Structure formats: C-alpha cells, structure tokens
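Peer 1: Below, each chain spelled out in residue letters.
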Amino acid sequence: MKTILNFGLSLCLAAGVVSAVEAKEEYPLAEPFTLKDVRGVEVTLDSLLKQGPVYMECWDLPCVNCIAELDALLPVYDTLKERGLQIVALSVDKPADEARVKAFVRSKKWPYICLLDPQNKVKKAYGIIIKPTAYLINQKGEIVYTHIGYKKGDEKRIKAEFLKWLPEQPAAEEKTEE
Amino acid sequence: MKHLSAVGLLLVGFRSLSLAAELSIQGVNQAECWLYKQDYATHLEDKLDLNLRYGDLRGGLGFFLYEPSKPWNVDRQPLRLFDYTVAYSPKQLELLYGKFFQTFGKGLALRTYSDDDFRHYKSLHGLRGTMRLPLSTELVLLGARMRDIFFQENTYKVMNADSDHADTTDQALGANLESRPLGFLGVGGRYVRVNRTRDMEQYPDPDSWPRIFNELYGGNLTATAGPVELYGEVCQRLGTKPYVGGREKGLGYYLSGTVALGNYSLLGEYMNYDKLGFPDVVLAGRKTYRYTDPPTPIKSGVAINRGVDERGYSLTASGTPVASLYVEATYGSLDAPRDTSKGVLEGEGKVRYSLGSDWTFEAKFNHMVQKNIELHVASRSTDKPTVHVNYLLGRHTFALEAEYNFVTEDTGHMADPWKYHEAALTASYGYGEALLFTTGYQFVDLKLDRRYKGETSWPVFEVVWSITNRNMLRVRVGAERGGYTCSGGVCREEAPFSGIKAQLISTF
Numbered sequence: 001m002k003t004i005l006n007f008g009l010s011l012c013l014a015a016g017v018v019s020a021v022e023a024k025e026e027y028p029l030a031e032p033f034t035l036k037d038v039r040g041v042e043v044t045l046d047s048l049l050k051q052g053p054v055y056m057e058c059w060d061l062p063c064v065n066c067i068a069e070l071d072a073l074l075p076v077y078d079t080l081k082e083r084g085l086q087i088v089a090l091s092v093d094k095p096a097d098e099a100r101v102k103a104f105v106r107s108k109k110w111p112y113i114c115l116l117d118p119q120n121k122v123k124k125a126y127g128i129i130i131k132p133t134a135y136l137i138n139q140k141g142e143i144v145y146t147h148i149g150y151k152k153g154d155e156k157r158i159k160a161e162f163l164k165w166l167p168e169q170p171a172a173e174e175k176t177e178e
Numbered sequence: 001m002k003h004l005s006a007v008g009l010l011l012v013g014f015r016s017l018s019l020a021a022e023l024s025i026q027g028v029n030q031a032e033c034w035l036y037k038q039d040y041a042t043h044l045e046d047k048l049d050l051n052l053r054y055g056d057l058r059g060g061l062g063f064f065l066y067e068p069s070k071p072w073n074v075d076r077q078p079l080r081l082f083d084y085t086v087a088y089s090p091k092q093l094e095l096l097y098g099k100f101f102q103t104f105g106k107g108l109a110l111r112t113y114s115d116d117d118f119r120h121y122k123s124l125h126g127l128r129g130t131m132r133l134p135l136s137t138e139l140v141l142l143g144a145r146m147r148d149i150f151f152q153e154n155t156y157k158v159m160n161a162d163s164d165h166a167d168t169t170d171q172a173l174g175a176n177l178e179s180r181p182l183g184f185l186g187v188g189g190r191y192v193r194v195n196r197t198r199d200m201e202q203y204p205d206p207d208s209w210p211r212i213f214n215e216l217y218g219g220n221l222t223a224t225a226g227p228v229e230l231y232g233e234v235c236q237r238l239g240t241k242p243y244v245g246g247r248e249k250g251l252g253y254y255l256s257g258t259v260a261l262g263n264y265s266l267l268g269e270y271m272n273y274d275k276l277g278f279p280d281v282v283l284a285g286r287k288t289y290r291y292t293d294p295p296t297p298i299k300s301g302v303a304i305n306r307g308v309d310e311r312g313y314s315l316t317a318s319g320t321p322v323a324s325l326y327v328e329a330t331y332g333s334l335d336a337p338r339d340t341s342k343g344v345l346e347g348e349g350k351v352r353y354s355l356g357s358d359w360t361f362e363a364k365f366n367h368m369v370q371k372n373i374e375l376h377v378a379s380r381s382t383d384k385p386t387v388h389v390n391y392l393l394g395r396h397t398f399a400l401e402a403e404y405n406f407v408t409e410d411t412g413h414m415a416d417p418w419k420y421h422e423a424a425l426t427a428s429y430g431y432g433e434a435l436l437f438t439t440g441y442q443f444v445d446l447k448l449d450r451r452y453k454g455e456t457s458w459p460v461f462e463v464v465w466s467i468t469n470r471n472m473l474r475v476r477v478g479a480e481r482g483g484y485t486c487s488g489g490v491c492r493e494e495a496p497f498s499g500i501k502a503q504l505i506s507t508f
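Heads up: the protein sequence lines correspond to chains E and F, in order.
Residues 1 to 178 in my numbering are what the first sequence lists, from first letter to last.
Residues 1 to 508 in my numbering are what the second sequence lists, from first letter to last.
In case anyone wonders, no lab produced these hints; they're calculated from the structure.
Worth double-checking, as some hints may not be accurate.
Claimed, not checked - 35 Å max Cα-Cα, derived DSBU-like pairs, lysine-lysine:
id, chain 1, residue 1, chain 2, residue 2
1, E, 123, F, 275
2, E, 121, F, 350
3, E, 81, F, 91
4, E, 123, F, 122
5, E, 156, F, 384
6, E, 36, F, 122
7, F, 501, E, 159
8, E, 156, E, 109
9, F, 350, E, 156
Just so we're clear, the structure is a prediction, and the values are computed from it rather than from any experiment.
Whenever a hint applies, use it, and build me the whole structure from the sequences.
Peer 2: Set out below in structure tokens:
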C-alpha cells in the first residue's frame, strides 16, 4: 500500500513538473544523440537538424511493419528531400545482428540515414516501447509528431505531417536567399 | 519512503532548475490489464519511464508495478521496482550513476539489455564513465551489479532473487575501448571481471561461499574496402575452479564478412565458442543467467547453450533486382562439438513484391531442424510457408496473412514421431489512422498436452485505437498460442494466453 501511495505521490510530482513544462512550451525537446551509421561514420542529431527536419523511425530486422513503413516512405522521401526532409532509420537490433543489419540495408539501397543503436541508448532516451515508433523533429529540436505502429496507407498521413513542417521552397534555395 | 524522498528531491531539484533555464522532460507510460479466462485471474502492470534533461545534467526515473491477482506463491508474486539514473554529460564525457545497459563488442564479453518484445530486462546498477576521444575513440569504464528480470509462464521473475542462489549480488567491472583511427579500419579492446560473491552449488553453507571470479578479455578488428566489410572478434575467459584450483580457460571467436554489389549483398558468418559462456551449472533445474550473449547463426535466434559449447556458420544473400521486389535467402547451422546430439539448422527464403502503392505481397518459406534444443524433444523439424497480402483502398486498409507449418516431432522415446500441422490465419481491416480491427485463428490438428496443454485452436479478436498520435489503446480478446507476432502495426513477443488484454501506451 505504501509503495502504491509513494508511486501515486511521485506521479503527482511528475505530473506537476510536466504540466509546468507543457505550459512553457508546446512540444517536448528531442534528446540529442551521437550514433554511428552503417558505414561507421558518427552522426549527431544537431548536425542533422542544421540541414532540415528529421523523421526518425525505430526499427529492427524482425519487425515486418517497420520495414514496410520505411519502404512505403521511399516515394515520399524522393518528393520531399529537396525541401530538406531527412529520414533516419534507427536500427535497434542487438549488436550480434549488426552484420545482418548492414547487409540488409545495403541490399535495400535505402537512401535514408541508417543509424545503429546497439546499446539502445536512443531507444531508452526516447522511451520507445513498441516498434515501429517514429518521431518528426523540427529544426528547433522539438518533437512535433509521433507515429506509433504502421499499416498500409499511413505514409499518406505521415506525408501530410511532413508538409506542415517543411519549408515551401527547397532548403538549398532558402539558403541561397539568405 | 526512501524512494519517494529520492524521487521528490530529484523532481523538485529539476523543477527548481527549470525556473532558471530550459528543462526537458520526456516520458512513456505503458499500462496493461489482463483478465485470464482460467480462474478469472488478473494481471495489472504499469511501466513509467521519465527522462529529464537540464543542460549537461540528465536524470532518469523508472517505476514498475506488477500486481497479479492469484494467490501468491513462489512463481507469482507482485513486483514493485523503482530505478533512477543521474548523469553528467558534457560533450566529450559522461558520468552516470544508477541503472544502465551496456554491451561490449558483439556481446562475447558482456551484454545487458532491455527487451520489451520478450519482456526481458537485464540491467546493470552502478557507476559508468564514458569518454569520447579523438579519432572516433570511445572508452567506457564501469563497475556495477546486475539485475535480471524476465516474463515467463505469464509472470515476472527476478532471476535468483530472494533465494539461496542470489547471484544477483555479482559484481561486474569492465573497460571497453573502441576506435576508428582510419575510415577503413576500426579496432577495439575490452576487459571484464565478474566477481561472484557466492558459489551456490559447491558450498551449501553460505558462510563458506568463496569469492570466485571470471575474467574475460578480447578485441575486435573491422576492415572496410569498397564493397567489402570484414569483422573479427576474439574473447578469452579465465575462470576459477573451486576446490580444484587453477584457472578454467574458455575461448570464443566470431567472424563476419559482407560483400555488397549493386543492389545485392552477401553475408557470411562463422563462430566458435568453447567454455566462453558462464556459469554453465544447473541450479534448481535451470541454468543461471549469463553475462555474455554471443551471436548465433540461426536467424530466428535459436541457440544451444549460449557460448558454452557452440560452433556454427550462416550465409545470407539478399537483393532488390527491381525497386518493387526484394528477395532474401538465409542458411544457418549450429552444433555443439562436445555434444554431437545437439544442433540446429535453418533455411529461409523470402520474396516481397509491391504492385503500385496499393498492393503488397510477401511469401516466405522457412525450414528448421532442431535436435535436443527443447527439453524432452529429441528432434523437431518444421517446414513453414507463409503468405502475406496488403491492400489499400482510399482510407481502408486490408491485410491477410496465412501460414501452415508441417511439424515432425520426436521425444526420443516413441516408436513413430508425431506428425502434425500448425496453421494460422489473420485478417485485418483498418480505417484511417485511428482504427484497426484484426481477427485471427490459430489451429493445430493434433492434441499436444505437453506443448499446448491439449488445446487445438486459438481464436482472437483485436481492436487498436490510436486515440491521439501519442496515445494508443489496444484491446485483445481470445487466445494466443504464443511466439513473435505482429498485429495492429506492432510486433512483439506474446506468451501463451487466453482471456482479455487491454494495453494503453502514452508518450509525452
């Protein structure tokens, strides 16, 4: 009983803090990270956000729906990459499967930024429980959209979210104008 | 009360800081309620994880509640856990105290993890320092104790806790260095020492339990040249031998090579583990947990004895001949050189084809032979074709999945082996983003008391409602045979079950 009471009180405290934060800003901030991609190159969230919004999907090899979502987003990415959209395929497979992930990604020829999270640091930091879970992070580093699960057709709705957050003009042109 | 104080102090501390600067809080809550058909027993569970960040300071709070309704016994007991993490992490450094997960290399020396699919949580509790140095170099130093919680037979168990075999008091010390000094070359080295504070089997009297230990050290090398990537890792174990004296030696190595040509890739793996896994003793009818988790060549994850005596290889070829077509073929073999009665062999072929943006077809065939992997099963051979079709019509989504498994099973004490078939059919209808209805039926054409407790069919109905894009409710009614299943756009490992399950996942 005492534990449950403690838990309840702690929840209230947490809720207080959360509500204070929510009152201050509309969207939660994305946790910064540094991970290696499938080629062994270090990638940081900060460096990605300098180039445009990031849609980061957590996937692993046994997750059929994760792979289906990443496949389905290919034409969406082709259309919107000029406007600065970046898609990150975040593999949370265990370290023992790293070679399989690399081989899979190479044969898939995904144009995405394919990151490896063998220690599940990003997965834990973002509180990801189920796969696929994806986040759209705007250039301020705010998580503006969360997508849990995937079924055919979701890519159209995800694209609609992208369009809300992408600049009207291609990112390169914007930079030139600046 | 101590926990509450710690939580309060941490939250109030962060709250105070938030008044002066920007505070970020993220969290996820997973609440579940199960009602078992048998005895109308209930299973209540809640997992809340909060991540707090203020500049270079990070905090993590984790609450876990498990409340079963049945009369409590050794196997079914409530579990209430509180975990915390405090970390200071400026750019090139991280100092962390509390709960964490860590893997060195490919897991030959050390691997702890959180696996939500299998509800298996192997964590370390202690101190960890991480330094990021030039030349893509990272050094990790840690000192911690391990905790192992897993969900089995529809209940959570803390491995060996509160028993005479409480080796969760083991202490792990480790160092790991990974570097990529050149773009095409990566190197790594590591050392782990596990001090076991109790040696349960040899010393029945707790006062005489000696401090035995195991040391593991090894290294790895990665080389990349154009389309070719090679990886090799070796690890040696030096353990103690109670009563006998001297050191028990173990050795394991893992090699992999990948070649990518155009839209095709070929992967080969070879591994050999001899007395690398530890401990290899059986306590109370089951093996104690391990600190290592070396790769297995079997795609579906089957292993023989987790690095104690295993040798195997695998080959995987995959490719996308055209953009809409993906093909994959895998073959893996694993045996035990010192026990030739054990082995696993698996072959799988898969084709996935998309017709426009509306149709998707997937066909798969899996063949597997297992010898003396399961208790009381001398051999089990399966041939399983699977077909999956998806169709999209406006805001309507339709999915159909069918599998038929031809099984031959021999307990080793039978004149003729069992021959039976396991079938599964799942149909889904989704409307828009918010709703998905799934109905499924699993069937086996032979009464198997040992494997399925005499049950032969498992009908199930499920509704998934995405209330908002951060809140998802899932209600499932019926029976589940168990295993890795994907439904409602979510993949996870399900234990055999009959009744009602409701799950609410909220992220914030």
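Peer 1: For a C-alpha distance cap of 35 Å, please report whether residue 350 of chain F and residue 156 of chain E respect it.
Peer 2: holds, 27 Å
Peer 1: Has the given pair, residue 156 of chain E with residue 109 of chain E, been kept, meaning a C-alpha gap of at most 35 Å?
Peer 2: holds, 22 Å
Peer 1: Hinted pair, alpha-carbon criterion (35 Å max): residue 36 of chain E, residue 122 of chain F. Please report holds or violated.
Peer 2: holds, 24 Å
Peer 1: Would you check the hint for residue 81 of chain E and residue 91 of chain F, treating anything up to 35 Å between C-alpha atoms as holding?
Peer 2: holds, 30 Å
Peer 1: Under the criterion that the straight-line Cα-Cα distance not exceed 35 Å, is the pair residue 123 of chain E, residue 122 of chain F satisfied?
Peer 2: Distance of about 15 Å is within 35 Å: holds.
Peer 1: Given the proposed pairing of residue 156 of chain E with residue 384 of chain F, does the C-alpha separation stay at or below 35 Å?
Peer 2: Distance of about 34 Å is within 35 Å: holds.
Peer 1: Would the hint linking residue 123 of chain E and residue 275 of chain F be met if the CA-CA limit is 35 Å?
Peer 2: holds, 32 Å
Peer 1: Does the alpha-carbon distance linking residue 501 of chain F and residue 159 of chain E stay inside the 35 Å limit?
Peer 2: holds, 32 Å
Peer 1: When you check the alpha-carbon spacing of residue 121 of chain E and residue 350 of chain F, does it fall within 35 Å?
Peer 2: holds, 31 Å
The earlier numbered hints are all upheld by this structure, with none contradicted.
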